[in-house]
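Q: Now for the letters of each chain:
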Amino acid sequence: MSGVILEADDLHLRFGGVQAANGASLKVAANERIAIIGPNGAGKTTFINLCTGYLKPQSGRVVFNGQDVTRLSPQAITRLGIGRSFQIPQLFLDNTVIENLLLALSAREGSWSPFLAVQRHPKAEEMWALLEMVGLKETGNRIVRELPEGMRKLIDIAVALALEPKLIFMDEPTSGVSSTEKFQVMDTLTRVLDARATTAVFVEHDMDVVARYANRVAVWTGGRIAHQGTPEEILSHPEVRETVIGVGV
Amino acid sequence: MARQLVFGLALIAALAVFPLFSPWSTVILTVALCEGLAALGIMVLLRAGQVSFGHGLFFSFSAYAVAFLAAAKVGHEALVLIPVGMAASGLLAAIVGLFVVRYRAIFFGMLNLAISMVFFSLLEKLFPITGGADGKRVPRPTFAGIEFGREQFELATFYVTLVLCILAALFVARYLLSPGGKALEAIKSNETRLEYLGVSPRKVLYGAYLLSGLLAGLGGAIIALVSGHVTPELAYWVRSGEFVFIAILGGIGGVAGPFLGALMFQIIRGYAAVYAPETWHAVLGVMLLIIIFFAPAGLYGIVAGKGGKPQREEGGR
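Protein chains in written order, with this note's numbering: chain A, 1 to 249; chain B, 1 to 317.
Just so you know, the hints here were simulated from the structure itself, not pulled from any lab data.
Just to be clear, a hint being listed does not mean it is correct.
[To be verified] Within a straight-line C-alpha distance of at most 27 Å, the following computed DSS-like cross-link-like pairs (lysine-lysine) qualify:
1) B/K125 x B/K73
2) A/K123 x B/K203
3) B/K188 x A/K56
4) B/K188 x A/K123
5) A/K56 x B/K203
6) B/K203 x A/K166
Please work from the sequences and hints to get the whole structure.
A: This is the structure in structure tokens:
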């Protein structure tokens, strides 16, 4: 595989009696869209947590752009260019949408002057443009707490994108989004990711979304990858159809 | 916003002219402003959802630094003693902060309390150095090289304090609107997301702690000068508790809140001590209960027209 930007190699992590990662390995090439699918408890979110520094593996390593990031803090990993969004959106609920993005912008630019109001950041327009790109410009001045879950999900992703990551992990980007809106959300996201040449790995339960937006699928079971391939190969795989998708052959 | 600005200017104007008509109030108002500075420091930490029950440490450390320097005739000038006292407490906050910013919530509050009580004990027990419970006298220094009489000195100290409070409040207001201030609020609302912005919550809180210690130190340095005497009581937990009380009474929605709280605290204390000398603590307690139940945004919230709602910073003033 050429142009590998992230390589997770043989990650192991046990919580008490649960083997959450059991030899999890994945190589991610630049500009890929990898969907991670699998039953609940298969270790999908644990894998994201291991790659983004939230959890440390008991063995194995994660290399990002040639640098070992296995033991680095989430802050350090984020600064190297790995962004993430969460299954439950992690936002500053009592701030406005634009303030959430502007804080991300300030973090990216290292703008910490006590005399610079966050609202007057010289590159604030860039964040408004990002909001427009994800179709949320109208909500910019609204308090996040007042917004529905589906919208928060998109804002969570926009905050991660505001950091201009080279690679973004998204944990169930369409959960909480209505079935009529999820393709619209994914179309928007794909457009932004393409425009910014951002590589993406996302956990997803909706196979229609997987089929339409991933160019590679990794099937997770028991804390590791059981199968991987193109969406066509995976979604027609008899074992995957039976054990993961829940459709008999 | 206009309402807050008008109120802020009216408050400053009222404070500025009051001692001219009521000279007896000069020291009381100066003490209130000093406590307001310490409460402003508490307010900064409350923005991160952290409360310190030990800010008497920085208040007293600065006051004793001023007392020692003034007694040693090293700095017999108020305009030197104030920044030196403030810098001393800033240095202490830089050291203590390295340790306490690793903790949150009750552990943060109790660690601050514990450290301040250690310092209180040292002040009490090291009699040959600190004067024990009797404390130390602070000789009246010169002001800009001029030797004032007592009343003129108190008046000059009051006006310098008022100017310093305005500058401190303006700086804190700017800081709270800056990315650092927003990151500070983010510690309260979502530390995980802050980390995934590549920001260290510990560093953000450390910066705020340093600022908070400096503000308490500024108040402590001035109170040493205006009262002419420092005692271990400045480090006692009751004093630290008063700063928290004042911050909540005044409200943390804007930088005027702690000063409003401090002024109200002095008024209640003054009148209650005269009319209810045995029960004035109960009067303060009832006042705080009324604020918590009926105006959780504090006095500032009432003034800013957000009486019943928990506060959220909009302009900082």
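Q: List in ascending order the numbers of the hints, as given earlier, that are violated by the structure.
A: none
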